[in-house]
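Q: Listed below, chain by chain, are the residues.
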Amino acid sequence: MHVPFTWEEIGYGFGIPAVVALALLWNLRWMLPSTVGRRYAPSVAFSAGIIAGYWLLKLGPLQPETHWQWLPHFMLIATVVGMISASEDLNALDRFLLFTLATGAAVLILVPTWGDLSPPRQQYLIGLTSLIVGLALSYRQLLLRIDGPLLPFVLFMTCLSGAILLMHSGSLLFGQIGFTAAGATLGLTIAARVDKNSRSLDGLAYPVVFFLCTSMMIGHTNSFGKIPINSYVLIPCAPLGLFLSMNGPLSGGKGVKGISLQVLIPLLICAAALGTAFWFEPLTGTEAY
Amino acid sequence: MQIPKSQLLSLAMLAGITFYCSSLQAAEKVVKLTSASTKIEFVGSHVVEKKPDPDSRKGKFQELNGTATVTDGKLTGISVTIETSSISTGNSKLDAHLKSPDFFSVRQYPKASFNSTKIESTADSKVKITGEFKLLKETKTISFPATVNHKDGLSLDAKFIIDRSQFGMNFGIDKIDKNVEMTISIAK
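Line by line, the protein sequences give chains X and U. The first sequence runs 97 to 385 under our numbering. The second sequence runs 528 to 715 under our numbering.
A hint or two may mislead.
As the list claims (entries may be wrong) - Now the stretches of chain X that chain U is said to cover, found in silico as 3 or more residues with beta-carbon under 8 Å:
(1) 161-167
(2) 264-273
Claimed, not checked - Quick list of the computed label-pair ranges, beta carbon to beta carbon:
(3) U:PHE687 x X:PRO157: 20 to 30 Å
(4) X:TRP375 x U:GLN693: 35 to 45 Å
(5) X:LYS154 x U:SER640: 49 to 59 Å
By construction, these hints were calculated from the structure, which means they are not laboratory data. By construction, the Cβ of each residue, glycine as well, lies at the ideal position given by its N, Cα and C atoms.
From just these sequences and the hints, can you work out the full model?
A: See the structure below:
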């Protein structure tokens, strides 16, 4: 198989984000008081991993020149929103308003202003904001109910699928941005596997959803291929499959078999998204151009 | 009424100067450049030890417009604007990749342009064209040799190398050569 990246790019764009996320989650949980660490560490670790990879690979300038180059800047804001949203003093309405306000402001800059945008920009703004807010509130419920490495592993799988979709959309650069998130979530998975203190990832919902949805929007709006919008929408929805895995026949079992059953539905959703993308935009055998 | 001789002389001189200037203007000819008459092609190569790269990729821009100015039978100016989204290599996947922010970022930079600032004659039918080339966000001065023929209209052929990294097109620089071979031809 043709690997379009150099080892240096894989190291900077996947390995370093994983190490940064792992080290930060671990250390912040140990250094900060437990209530503060619970809120701050996961979102800081995830966003720092992405930003480290982005800057090391010089994927965009510090001063943004076009819509997608604002993504790392808005990840900083998403981190703060994630921290605030994990406060136990907030109720569901507070979180809804916080997510809506933060997302509504961010998408105004992140969604391009091209006249030929399809769907039109107004629909894109409303649709993307609704998707991010709805998914962030749902992800939070998953984070509160699922402890341990299962959820970060599903997030890793989702980010990895997102990175593959971004690459297949026609831009290796966007694919590299996607791989930084995959690296960061792999770091969180390892931390959750080896350290009991790193298992609660409250606060991570908003930054992860924000990254997944906005990176998919960037991939879709900049693509010159034929991949349908459904693929881009399905990817961030994949972890919701865990709601189905928590009960019924898929919830039982332990060890590798148990985890395999639990990740089955999210995995199928990712596979459906990628399968649709490759169906409409098949590999031609000339990718190694 | 009788006009003084001095005034008659001045009028005659003025008429002469006007005629001379108009004859000069008549010697300047502007040739319209379109994709039908003008071809801008490129060859991108991989970073390989043995050159030329057998797997190099050829491409062209299918939409462009501009003008060439010929004064007294000599090429004195060229101005071309290229629609970057018209890039074509015959491989739709490669076209999509070249249009993406990895390379031409055609959404952000839909046009590239060249405006000559100096054209020097170096030998019979040979000129050195210098001008401002705008690609992505960078505008750089480039010079290249060209063969020009003015008989029965204008024809021009040029082949030169540009360094894409000078224009901020740095993606995949370890695998895809930063030097891109350009070929420009204007047919009669």
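Q: All hints, please: hold or fail.
A: The hints, checked one at a time:
1. 161-167: holds (count 3)
2. 264-273: holds (count 5)
3. U:PHE687 x X:PRO157: 20 to 30 Å: 29 Å, holds
4. X:TRP375 x U:GLN693: 35 to 45 Å: 40 Å, holds
5. X:LYS154 x U:SER640: 49 to 59 Å: 27 Å, violated
The earlier numbered hint that this structure contradicts is number 5, and it is the only one.
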